[in-house]
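The numbering used here runs 262 ahead of the 1-based position in the sequence shown.
I should point out that these hints are in silico values taken from the structure, not numbers from a laboratory.
Here a beta-carbon is modelled for each residue, glycine too, at the ideal position from N, C-alpha and C.
It is possible that part of the hints are untrue.
As the list claims (entries may be wrong) - Between beta-carbon pairs, the in silico distance windows are:
1. Pro510 / Ile359: 39 to 49 Å
2. Glu396 / Asn448: 24 to 34 Å
3. Glu396 / Val467: 40 to 50 Å
4. Asp449 / Pro510: 39 to 49 Å
What the hints assert, rightly or not - With a straight-line Cα cutoff of 25 Å, these simulated SDA-like cross-link-like pairs (lysine to any residue) come out:
5. Lys422 / Val382
6. Lys439 / Phe347
7. Lys351 / Asp426
8. Lys422 / Ile455
9. Lys496 / Tyr475
10. Lys351 / Ser404
11. Lys439 / Glu356
12. Lys351 / Lys424
13. Lys422 / Val383
14. Lys351 / Tyr451
15. Lys439 / Arg406
16. Lys439 / Gln381
17. Lys424 / Tyr376
18. Lys424 / Pro510
19. Lys422 / Glu356
20. Lys496 / Gln381
21. Lys422 / Leu479
22. Lys496 / Tyr451
23. Lys351 / Ile370
24. Lys351 / Asp362
25. Lys422 / Ile459
26. Lys496 / Ser397
27. Lys496 / Gly405
28. Lys424 / Tyr475
29. Lys422 / Gly405
30. Lys496 / Ile358
31. Lys439 / Asp362
32. Lys439 / Gln482
33. Lys351 / Gln497
34. Lys424 / Val383
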Amino acid sequence: MKNNRYSSALKNFMNQAISKSVLFLINVCCFIIFVGELDAQTQLALEQSEMEERSLEARTATQEPDFFVSGTSAQGIGFYFGVGFRSVKLQVAETIIISDSDGTANGIGFNLGYYWNEQVVEYERQVSIVEHSESFTYQEESGRELEVIQNNLWYIQYPKIKSDFYLHYGAGLQFTKTRFAGSISNDAYQDEIALGIETGVSYFVTSNLLIYYRFSLGQQLPFFNTSASTSFLKQSQLHTIYLNFYYPL
263 MKNNRYSSAL KNFMNQAISK SVLFLINVCC FIIFVGELDA QTQLALEQSE MEERSLEART
323 ATQEPDFFVS GTSAQGIGFY FGVGFRSVKL QVAETIIISD SDGTANGIGF NLGYYWNEQV
383 VEYERQVSIV EHSESFTYQE ESGRELEVIQ NNLWYIQYPK IKSDFYLHYG AGLQFTKTRF
443 AGSISNDAYQ DEIALGIETG VSYFVTSNLL IYYRFSLGQQ LPFFNTSAST SFLKQSQLHT
503 IYLNFYYPL
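Given the sequences, and given the hints that come with them, work out the whole structure.
This is the structure:
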């Protein structure tokens, strides 16, 4: 009788122990599964966050304008134009040197260029009104102020330096009209042709705004002289800073 009681109690104890062990194992498995899912969700959230950051950086990154990307086809073609402010140095009437660095008072420059494959064909118009310290004479006319109009045709190479900076250098012809300021007759202009060279750098501020520095030198050559008289404008040196707008085609 006692043996039966002892056997029954042992069975109950074993059943309870097995039930508790199974329940413990189930809880451990659930915990492992929960931790695994939580880790996977955390990793996925981190990957999504990194992807969103990379996408945002790609959207906000400044793109180099196609205008100056070497080797482009239709996207590398366009027009630019703008106005410029200058420092002017002129040699006139053999020995007279006139300098004026007041870029807002000595006239203005205008340029219009066509770009393709790191090359430019440009028309530039420079109008200068400068004053000498003393009166001087040229062909029986005298005065202190000169009016000089230059219509320049340039062929320019446009290699890239780095990032948004570009070098430019070229040559062209300068068609000049010079007279003493205050003359009312167009016949007072002295028409001459000079050989010009230019160089400088440019920087693309935005995809459409270009800051463009140019140094140009124009030298009148004897065989370019259209009249038998002595040249009025012997040489011109201009430092010009242009604000240009670029329009892609």
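Here is how each hint holds up against the structure:
| no. | hint | in the structure |
| --- | --- | --- |
| 1 | Pro510 / Ile359: 39 to 49 Å | holds (43 Å) |
| 2 | Glu396 / Asn448: 24 to 34 Å | holds (27 Å) |
| 3 | Glu396 / Val467: 40 to 50 Å | holds (42 Å) |
| 4 | Asp449 / Pro510: 39 to 49 Å | holds (44 Å) |
| 5 | Lys422 / Val382 | holds (13 Å) |
| 6 | Lys439 / Phe347 | holds (20 Å) |
| 7 | Lys351 / Asp426 | violated (30 Å) |
| 8 | Lys422 / Ile455 | violated (31 Å) |
| 9 | Lys496 / Tyr475 | holds (24 Å) |
| 10 | Lys351 / Ser404 | holds (19 Å) |
| 11 | Lys439 / Glu356 | holds (17 Å) |
| 12 | Lys351 / Lys424 | violated (31 Å) |
| 13 | Lys422 / Val383 | holds (17 Å) |
| 14 | Lys351 / Tyr451 | holds (19 Å) |
| 15 | Lys439 / Arg406 | holds (17 Å) |
| 16 | Lys439 / Gln381 | violated (28 Å) |
| 17 | Lys424 / Tyr376 | holds (22 Å) |
| 18 | Lys424 / Pro510 | holds (21 Å) |
| 19 | Lys422 / Glu356 | violated (39 Å) |
| 20 | Lys496 / Gln381 | violated (29 Å) |
| 21 | Lys422 / Leu479 | holds (23 Å) |
| 22 | Lys496 / Tyr451 | holds (15 Å) |
| 23 | Lys351 / Ile370 | holds (14 Å) |
| 24 | Lys351 / Asp362 | holds (6 Å) |
| 25 | Lys422 / Ile459 | holds (19 Å) |
| 26 | Lys496 / Ser397 | holds (18 Å) |
| 27 | Lys496 / Gly405 | holds (17 Å) |
| 28 | Lys424 / Tyr475 | holds (16 Å) |
| 29 | Lys422 / Gly405 | violated (45 Å) |
| 30 | Lys496 / Ile358 | holds (9 Å) |
| 31 | Lys439 / Asp362 | holds (18 Å) |
| 32 | Lys439 / Gln482 | holds (12 Å) |
| 33 | Lys351 / Gln497 | holds (8 Å) |
| 34 | Lys424 / Val383 | holds (22 Å) |
In this structure, the earlier hints numbered 7, 8, 12, 16, 19, 20, 29 are contradicted, and the remaining ones agree with it.
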